[in-house]
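Here are the chains, one letter per residue:
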Amino acid sequence: MAEISSLMHGFSVALSAYNLMLMFIGVVLGVVIGVLPGLGGANGVAILLPLTFTMPPTSGIIMLSCIYWGALFGGAITSILFNIPGEPWSVATTFDGYPLAQKGRAGSALTAAFTSSFIGALIAVVMITFLSPVVASFALEFGPPEFFSVYLLTFCAFVGMSKGAAFKTVASMMAGFALAAVGLDTVTGTLRLTFGHTELLKGFDFLIAVIGLFGIGEILQTMEEGLAFKGVQAKMNAKVVLETWKELPRYWATSIRSAAVGCFMGIVPGGATPASFMSYGVAKRFSATGDRFGTGEVEGVVAPETAAHAAGTSALLPMLTLGIPGSPTAAVLLGGLLIWGLQPGPLLFVEQKDFVWGLIASMYLGNIAGLIVVLTCVPLFAAILRIPFSIIAPVILVICAIGAFTVHNSMFDVWLMVIFGFIGYVFKKLDYPLAPLVLALVLGDRAEDSFRQSMLMSQGDMRILFANPLVGSITGLALALLLWPLLSALWTAVRKSLA
Amino acid sequence: MKVSAIFKNGLTVAVVATMAAIAVPALAWEPTKTVEFIVPAGSGGGADQMARMIDGVVKKHNLMKAPLVVINKSGGAGAEGFLDVKGAKGDPYKIIITLSNLFTTPLATGVPFNWKDLTPVSMMALDQFVLWVNAETPYKNAKDYIDAVKKAGPLKMKMGGTGSKQEDQIITVGLEKQTGTKFIYIPFKGGGDVAVQLVGKHIDSSVNNPIEAVAQWRAGKLRPLCVFDDERMPYKAKVTDTMSWNDIPTCKQSGVDMDYVMLRGIFMAGGVTEEQRNFYVDLLKKVRATPEWKEFMEKGAFNQTALIGDDYKNWVAKEEQRHIQLMKEAGFLAAAK
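Chains as they are written, first to last, in numbering that gives the first Met the number 0: chain A, 0 to 498; chain B, 0 to 336.
Note that these hints are calculated values from the structure, not bench results.
Treat the hints with caution; some may be incorrect.
[Stated by the list, open to error] To give an idea of the chain B side of the interface with chain A (calculated C-beta under 10 Å), a few residues:
id	residue
1	Asp54
2	Ala107
3	Gly109
4	Ala147
5	Ala151
6	Lys164
7	Gln165
8	Leu325
9	Lys327
Since the model is a prediction, treat every value here as computed from it, not as a measurement.
Beta carbons are placed, not taken as given, at the ideal position from N, Cα and C, and that holds for glycine.
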């Protein structure tokens with residue numbers, strides 16, 4: 000139990016009044032950053048990084064990682080209230096969170112989101128505390144074929160889960176792949192589909208597309224439907240937190256599954272965004288009420304939030320032990336470590352005990368601080384929906400525009416956002432699902448890169464995707480999930496014919 | 000008497016200093032609003048680390064009154080950042096840090112951009128490239144490894160690197176030309192990824208920069224074989240139990256006559272005044288004099304050549320010609336339009 004004593008030592012490092020103050024400041028800043036779309040955790044941490052150079056490294060990383068936790072919490076707020084994901088990993092939270100808000104249950108949705116975020120993070124931190132050496136070496140098993148199989152699994156877990164015509168799902172996903180292909184191709188180093196326009200060479204940023212498709216699209220639709228948010232009747236209710244907590248233990252199975260998916264994706268490192276999508280897909284498939292997902296199920300909020308936070312937290316592990324960032328924010332933190340004179344890598348745990356265990360202890364404390372901050376604000380956040388649409392809509396539009404501009408500091412992106420807004424509106428009118436498009440846009444080029452890297456490695460031999468037990472079982476699982484609807488239909492047919 | 004003499008001298012110095020202090024701001028240009036520091040690469044990479052390091056040093060030592068903001072514009076292998084600064088002609092509030100993609104991106108993609116669109120400010124350092132293998136492999140030096148690659152035959156051994164048609168692949172092609180071998184070159188998104196792939200034995204070798212692989216080297220996971228420079232790195236402090244950067248032989252000594260170093264330098268937009276440029280030259284000189292910078296240089300085993308003015312400009316011009324030559328030989332040039 001050397002870990003316990005190390006952890007206690009960590010708490011003694013982290014639990015100073017100065018560090019606790021930094022923790023709360025960090026969490027509050029993080030929530031603000033998470034709420035503003037476009038100004039992601041990575042940007043926020045990058046902007047504030049220089050401020051921490053005068054602090055001791057442990058205090059610096061405590062503050063920065065608390066900004067990170069805050070951003071993870073904050074991303075859910077706008078997703079649930081306005082259908083605008085503040086962060087990429089909260090896209091899946093909109094699927095059920097926004098319908099819940101429309102039913103007047105915004106408070107429940109927010110409470111469920113924050114609580115499950117906390118539980119996901121807690122499970123991940125416990126894993127980091129006790130299993131870090133084992134887990135870190137597991138990440139080394141992942142080469143290009145393994146990465147591709149994980150992406151394949153994410154897509155397969157998601158296909159067939161949308162309601163409506165399968166053809167529309169596939170069409171929407173293919174549109175996403177096409178958009179993801181624009182820009183520089185990593186494997187050949189040449190530009191694709193830019194048609195000579197230099198604005199297009201950076202490709203379509205996922206965040207801009209999401210702000211447009213979801214945020215602007217939603218506003219256009221609300222305008223058509225009579226200029227009113229359906230959640231207006233939401234009552235200010237301070238007890239909503241306790242009431243939702245009574246409901247949450249019912250979803251323990253989903254929580255555990257989602258946390259497992261999240262930890263796995265964080266370590267690999269696949270990232271919080273695919274983790275949230277995959278977990279939502281898996282939860283839908285295994286839940287008893289899976290067919291009601293998308294209409295406002297609390298369980299549909301629990302699944303992606305638990306996974307996103309578990310992944311976001313465990314993503315720090317490969318950064319500390321291997322020096323590979325599991326997320327863009329982790330990449331910026333990595334830069335911070337180097338400036339503080341710390342070398343991330345296998346020796347960090349040995350040489351910088353104070354720092355590492357102080358950070359791990361701050362993960363426990365920071366998440367508790369985060370939970371307290373956001374939960375006390377739930378009634379406040381939910382009350383935002385009581386503001387008349389004619390006042391709040393222009394505010395949302397401005398925030399969206401600022402968000403789109405912030406991503407690359409480019410006015411072109413704001414116009415792009417408007418175009419995506421119209422596309423989102425048309426998709427909704429024609430009943431095409433947006434989620435597959437978004438998923439393909441965020442994972443399309445990574446999946447493509449890892450597939451082509453694999454093909455380079457094997458010189459075109461597809462058997463590389465089954466070459467060892469690890470990659471073989473992930474690919475097998477992906478194919479099984481893909482064919483599941485077919486298999487279960489077949490099974491029902493067989494049973495019927497027997498009966 | 001002595002006291003008053005000192006006082007008098009002190010007073011003279013003070014008066015002169017005050018006069019200088021009054022005189023200098025009246026002449027010299029200095030920024031009065033936020034300066035954007037563009038990084039034409041993703042966050043967490045080598046250029047990004049250096050930019051954030053400079054940003055941190057400037058803030059910590061209060062070297063500039065106006066705020067500095069680091070912005071990543073990595074799209075299109077950095078073309079996004081270069082085009083942004085190119086479009087800001089005459090704007091002294093944008094500086095950009097460059098890597099070899101200053102040359103390789105326009106050559107490989109045909110994006111309309113050349114370093115002559117920018118104003119060279121200062122070279123900060125040169126980044127080295129080292130040939131790395133997994134520490135569990137039997138290869139003790141570059142010759143062992145090259146022999147093994149030859150023996151395995153063409154397209155059997157895998158070389159991982161950052162990006163495509165950029166510095167890592169240029170070195171790989173140079174290595175192939177020198178030794179008559181042929182690797183499978185596998186491009187990854189960042190240098191850190193490449194080092195981890197090598198530790199996980201998904202690839203056979205890499206040409207990572209020192210800072211990208213040093214952590215894995217110290218942990219005994221990777222082994223350096225040779226450095227692609229014409230002389231050894233100067234740092235003699237032990238990095239692992241037995242070796243310092245200086246103990247790594249040059250590739251030339253190991254029988255592979257290939258050298259390549261990468262520019263880490265600062266540019267401004269075109270059409271700025273001499274005074275505006277001098278401000279940044281001076282600022283960066285102060286940055287290079289800080290202890291934090293020196294520690295950073297040693298940690299990343301950088302070649303501390305720093306040039307300014309015409310020397311820098313001439314160096315860049317020469318390096319451009321060399322890249323045109325190297326990329327032409329490798330067949331990486333974009334089709335002429």
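For each hint, the structure was consulted:
1. Asp54: Constraint on B:Asp54 satisfied, holds at 5 Å.
2. Ala107: Constraint on B:Ala107 satisfied, holds at 5 Å.
3. Gly109: B:Gly109 check passes; min Cβ-Cβ to chain A is 8 Å, inside 10 Å.
4. Ala147: violated, 18 Å
5. Ala151: violated, 13 Å
6. Lys164: holds, 4 Å
7. Gln165: holds, 7 Å
8. Leu325: Not OK, violated: B:Leu325 not within 10 Å of chain A, min 14 Å.
9. Lys327: violated, 15 Å
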